[in-house]
Amino acid sequence: MALSRDQIAMRVAQEFKDGDYVNLGIGIPTLAASFVPEGISVMLQSENGLLGMGPYPHEDELDADMINAGKETVTAITGASIFNSAESFAMIRGGHVDFTVLGAFEVDVNGNIASWMIPGKLVKGMGGAMDLVAGAKNIIVTMTHTDKRGNPKLLSECTLPLTGVNCITRIITDLAVLEVVDGAFLLKERAPGVTVEDIQAKTGGKLVVSENVTEMQV
Amino acid sequence: MSGFDKVVTTYQEAMDGLTDGMTVIAGGFGLCGIPEGLIAQVKTMGTKGLTVVSNNCGVDGFGLGILLEDKQIKKMVSSYVGENALFEKQLLNGELEVELTPQGTLAEKMRAGGAGIPAFYTATGYGTPVGEGKEVKTFNDRPYILEEAISGDFAIVKAWKADRYGNCVYRHTAQNFNPMAATAGTITVVEAEEIVEPGELNPSEIHTPGIYVNRVIKGEFEKRIERRVVSKTVQNTTAKESQ
Numbered sequence: 006m007a008l009s010r011d012q013i014a015m016r017v018a019q020e021f022k023d024g025d026y027v028n029l030g031i032g033i034p035t036l037a038a039s040f041v042p043e044g045i046s047v048m049l050q051s052e053n054g055l056l057g058m059g060p061y062p063h064e065d066e067l068d069a070d071m072i073n074a075g076k077e078t079v080t081a082i083t084g085a086s087i088f089n090s091a092e093s094f095a096m097i098r099g100g101h102v103d104f105t106v107l108g109a110f111e112v113d114v115n116g117n118i119a120s121w122m123i124p125g126k127l128v129k130g131m132g133g134a135m136d137l138v139a140g141a142k143n144i145i146v147t148m149t150h151t152d153k154r155g156n157p158k159l160l161s162e163c164t165l166p167l168t169g170v171n172c173i174t175r176i177i178t179d180l181a182v183l184e185v186v187d188g189a190f191l192l193k194e195r196a197p198g199v200t201v202e203d204i205q206a207k208t209g210g211k212l213v214v215s216e217n218v219t220e221m222q223v
Numbered sequence: 058m059s060g061f062d063k064v065v066t067t068y069q070e071a072m073d074g075l076t077d078g079m080t081v082i083a084g085g086f087g088l089c090g091i092p093e094g095l096i097a098q099v100k101t102m103g104t105k106g107l108t109v110v111s112n113n114c115g116v117d118g119f120g121l122g123i124l125l126e127d128k129q130i131k132k133m134v135s136s137y138v139g140e141n142a143l144f145e146k147q148l149l150n151g152e153l154e155v156e157l158t159p160q161g162t163l164a165e166k167m168r169a170g171g172a173g174i175p176a177f178y179t180a181t182g183y184g185t186p187v188g189e190g191k192e193v194k195t196f197n198d199r200p201y202i203l204e205e206a207i208s209g210d211f212a213i214v215k216a217w218k219a220d221r222y223g224n225c226v227y228r229h230t231a232q233n234f235n236p237m238a239a240t241a242g243t244i245t246v247v248e249a250e251e252i253v254e255p256g257e258l259n260p261s262e263i264h265t266p267g268i269y270v271n272r273v274i275k276g277e278f279e280k281r282i283e284r285r286v287v288s289k290t291v292q293n294t295t296a297k298e299s300q
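The listed protein sequences derive, respectively, from chains A and B. Residue numbering for the first sequence follows this note's numbering, beginning at 6 and increasing consecutively. Residue numbering for the second sequence follows this note's numbering, beginning at 58 and increasing consecutively.
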């Protein structure tokens, strides 16, 4: 069975180590904050200039001057810091953020990612995504393994305009955990009840099956 | 020290000298930390053909979005736009030009513009549409693209507190692009929630030193919230419980 959004987020959160600084994109990546394992603390970076992002505010805490990168009202945790946009991207570009988790339309076997633009549709912009994929030490892409029509999103070569090149190393989908190694997707884990053959059939780019494919723990 | 007194009392004085075709750099992220009164003054003046450099372009009827109503903006330089229907319409009509710029590159372009650095290399955008036509240079086996600095005829900035000398402090995430914008204007105008006397701000805690600032005006702010999201769960102060 394909994993739910929450289960994908749960698997993502297992990647985090105690003391990691993490930037989470909109959607499934944001959900990962709710599943950080017991005994592990991570600090969330929001690229509009907040390190130590807390939960959404209660009604009486709402503050127009406290927002996240998605422009939502938010709070800061004890020990947070707030800074300007150039400082924020110095952290990102300088490789100081341990993990970036973001969604994508397509990823290919060379670690290229397309996540911001579909030709023919109105382009709203890349926001901070291009900076994040160019700067973070570890990037995890979360997405469904195929699109709504069942077409693979893990490809030999991205077809959409790119967000970054040679930057993706790890992909967590509703079917599998994969790494990008030597021009192929290396299958490391499969979702419970999903066979290697299923994953093979739904992957567009070259798939190498690890000797020991384990079941995702979610 | 009257030569250092930057305070003006009217919005006409604050934006005096703005003419058609100029470049205006505006601080703010979404609707957070935007110089509301200065934007309203640009609308009142009716200045046309503006190039506006700002991370976003407001929403319909608020923020920089109000400058679209009379087609005052010729070109936007932003990382993310399209939160407003009017923007979309003018873009599709060809009445508005947009130069999409990655958010970190945009911040660095402003910073460089204010710091006398004409251009810089960054990995951001290499191999993407953003990198097309730009010089590529390899450092330590990694390719980087050359991005040019941005400066403006005017920079409009929103501060929490400013003193008469133009020293500024920002509040929370309303800081965002404001400090970079402040450095990058030929004329930098600060609209502050509160104006204080020199000495009232702690010198060690000033975000923008007054040297960058030409004019200071006290504003009244609506501070509209773009996406109001409240927590339904019990408040918890650890990061991992967030959202």
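Since the hints were derived computationally from the structure, they do not count as laboratory data. Keep in mind that the hints are not guaranteed to be accurate.
Computed list of lysine-lysine pairs in DSSO-like fashion (alpha-carbon distance at most 30 Å, straight line) [claimed, not checked]:
| no. | chain 1 | residue 1 | chain 2 | residue 2 |
| --- | --- | --- | --- | --- |
| 1 | B | K100 | B | K146 |
| 2 | B | K218 | A | K211 |
| 3 | B | K289 | B | K132 |
| 4 | B | K218 | A | K126 |
| 5 | A | K22 | B | K289 |
| 6 | A | K153 | B | K191 |
| 7 | B | K191 | B | K131 |
| 8 | A | K126 | B | K131 |
| 9 | A | K129 | B | K275 |
| 10 | B | K275 | A | K211 |
| 11 | B | K280 | B | K100 |
| 12 | B | K132 | A | K129 |
| 13 | B | K100 | A | K153 |
| 14 | B | K146 | B | K280 |
| 15 | B | K280 | A | K153 |
| 16 | A | K126 | B | K105 |
| 17 | A | K142 | A | K129 |
| 18 | A | K126 | B | K132 |
| 19 | B | K132 | B | K275 |
| 20 | A | K22 | A | K153 |
| 21 | B | K289 | B | K100 |
| 22 | B | K194 | B | K105 |
| 23 | A | K211 | A | K193 |
| 24 | B | K132 | B | K105 |
| 25 | B | K105 | B | K289 |
| 26 | B | K146 | A | K142 |
| 27 | A | K129 | B | K131 |
| 28 | B | K105 | A | K129 |
| 29 | B | K194 | A | K142 |
| 30 | B | K191 | A | K126 |
| 31 | A | K193 | A | K153 |
| 32 | A | K22 | B | K275 |
| 33 | A | K126 | A | K22 |
| 34 | B | K146 | A | K126 |
| 35 | B | K146 | B | K132 |
| 36 | A | K211 | A | K153 |
| 37 | A | K193 | A | K142 |
| 38 | B | K128 | B | K275 |
Against the structure, the hints:
no. : hint            : result
1   : K100/B / K146/B : holds (19 Å)
2   : K218/B / K211/A : violated (57 Å)
3   : K289/B / K132/B : violated (41 Å)
4   : K218/B / K126/A : violated (42 Å)
5   : K22/A / K289/B  : holds (28 Å)
6   : K153/A / K191/B : violated (36 Å)
7   : K191/B / K131/B : holds (23 Å)
8   : K126/A / K131/B : holds (22 Å)
9   : K129/A / K275/B : violated (33 Å)
10  : K275/B / K211/A : violated (61 Å)
11  : K280/B / K100/B : holds (18 Å)
12  : K132/B / K129/A : holds (15 Å)
13  : K100/B / K153/A : violated (44 Å)
14  : K146/B / K280/B : holds (26 Å)
15  : K280/B / K153/A : violated (39 Å)
16  : K126/A / K105/B : holds (29 Å)
17  : K142/A / K129/A : holds (27 Å)
18  : K126/A / K132/B : holds (20 Å)
19  : K132/B / K275/B : holds (28 Å)
20  : K22/A / K153/A  : violated (33 Å)
21  : K289/B / K100/B : violated (40 Å)
22  : K194/B / K105/B : violated (38 Å)
23  : K211/A / K193/A : holds (14 Å)
24  : K132/B / K105/B : holds (11 Å)
25  : K105/B / K289/B : violated (46 Å)
26  : K146/B / K142/A : violated (39 Å)
27  : K129/A / K131/B : holds (17 Å)
28  : K105/B / K129/A : holds (24 Å)
29  : K194/B / K142/A : holds (21 Å)
30  : K191/B / K126/A : holds (25 Å)
31  : K193/A / K153/A : holds (24 Å)
32  : K22/A / K275/B  : violated (47 Å)
33  : K126/A / K22/A  : violated (39 Å)
34  : K146/B / K126/A : holds (13 Å)
35  : K146/B / K132/B : holds (14 Å)
36  : K211/A / K153/A : holds (21 Å)
37  : K193/A / K142/A : holds (20 Å)
38  : K128/B / K275/B : holds (27 Å)
In the structure shown, a violation is registered for the earlier hints numbered 2, 3, 4, 6, 9, 10, 13, 15, 20, 21, 22, 25, 26, 32, 33, in ascending order.
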